[in-house]
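These protein sequences, in sequence, are chains A and B. When you number the first sequence by my numbering, it's gap-free, plus one each residue, and the end is 168. When you number the second sequence by my numbering, it's gap-free, plus one each residue, and the end is 168.
Heads up, a few of these hints could be off.
Which copy is meant is left open, so a pair is good if it fits within one copy or across any two.
With a cut-off of at most 30 Å between alpha-carbon atoms, the simulated DSSO-like pairs for lysine-lysine come out as follows [stated by the list, open to error]:
(1) Lys151 - Lys106
(2) Lys162 - Lys151
(3) Lys162 - Lys106
Please keep in mind that the hints were generated in silico from the structure rather than gathered at the bench.
Number of protein chains: 2
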Amino acid sequence: MSSNDCKESLSIRQATPSDVGVILELIHAIADYEKLSHQVTANEDTLRDSLFGPHPAAEVCLASWQGVVVGYAVFFHHFSTFEGQRGLYLEDIFIQPDFRGKGIGKALLRHLARLALERDCARFEWLVLDWNQPAMDFYRGLGAEILDDWKLCRMTASSIQKLAHSED
Amino acid sequence: MSSNDCKESLSIRQATPSDVGVILELIHAIADYEKLSHQVTANEDTLRDSLFGPHPAAEVCLASWQGVVVGYAVFFHHFSTFEGQRGLYLEDIFIQPDFRGKGIGKALLRHLARLALERDCARFEWLVLDWNQPAMDFYRGLGAEILDDWKLCRMTASSIQKLAHSED
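Bound conformation, chain A alone (with noise of 0.2 Å):
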């Protein structure tokens, strides 16, 4: 396929209140893949609230190939206190396996990148699993420098509860 033929299956576009039901199917299929499908919680509510109700916590482009959507990156800023300024934080970028090796990924990333300098963002910055080397080379193949010193703290709800009542 030549790259002309691949921009013409290619579409790009934010997402709107009506991809609620496609958005949830993505968000189950990137758990699967991460063999976290225990921790999905979200559902077509929590999502219409949380992504397009009146204090949206972030933002989803899709990704469609021949009309279908076939991914999508979730993506919200974050700040960083060295700079100063805000940053584009990608929360997760999935593209359905049978979709893989067209340059989507590449596609959606290029997009958000191209965000990140429209929004003045002196950071783009996400997570990977340090077991998906395929991942990590590719981020890094793209020009993302994967740091090896900084490890994620987590509380869950119990924890912040335990936290919050504790005494003085």
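Using the hints, position chain B against chain A.
Only chain B this time, still in chain A's reference frame:
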């Protein structure tokens, strides 16, 4: 010192635009501590705009000991697709070295855990440098889980521009 003395010595409050100078001092102090001073490009103008402008990118809590600001936490909301709802993300926490061991860091984290509950956040997350064993021990002691399998990917200005301007 008794617990009551600590309560009277310590206060935590949301930062205001007049705190921009002290916030910048704390950013330089944490960068020195993390051996990353060369990365600091923030100044009072960028901070005033990004923290207190029309679209704040983050919030800051200041911790004072006997009326003097000695620490801070910088945070914003992030988003988890798996839960379909926003979380609270701690970008930076820092206590001036002379004021450690007084419970100030725990008080700041407890303050944020309470905000996370009030704001219906499913997760409270942050990053820690893997050589900072005292910090990791402290966070684990408060109930945080430290995840070993995620790595941070980062693009800065030059790599963002290169990707944004790459061929389709």
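Hints versus structure:
1. Taking identical chains as interchangeable, the C-alpha atoms of Lys151 and Lys106 lie at most 30 Å apart whether they share a chain (26 Å) or sit on different chains (19 Å).
2. Proximity of Lys162 and Lys151 under a CA criterion of 30 Å is satisfied in both settings, with 22 Å inside one chain copy and 27 Å between copies.
3. For the homomeric pair Lys162 and Lys106, the shortest alpha-carbon distance between copies (13 Å) is at most 30 Å, but the shortest distance inside one copy (42 Å) is not.
Violation of the numbered hints given earlier is absent; every hint is satisfied by the structure.
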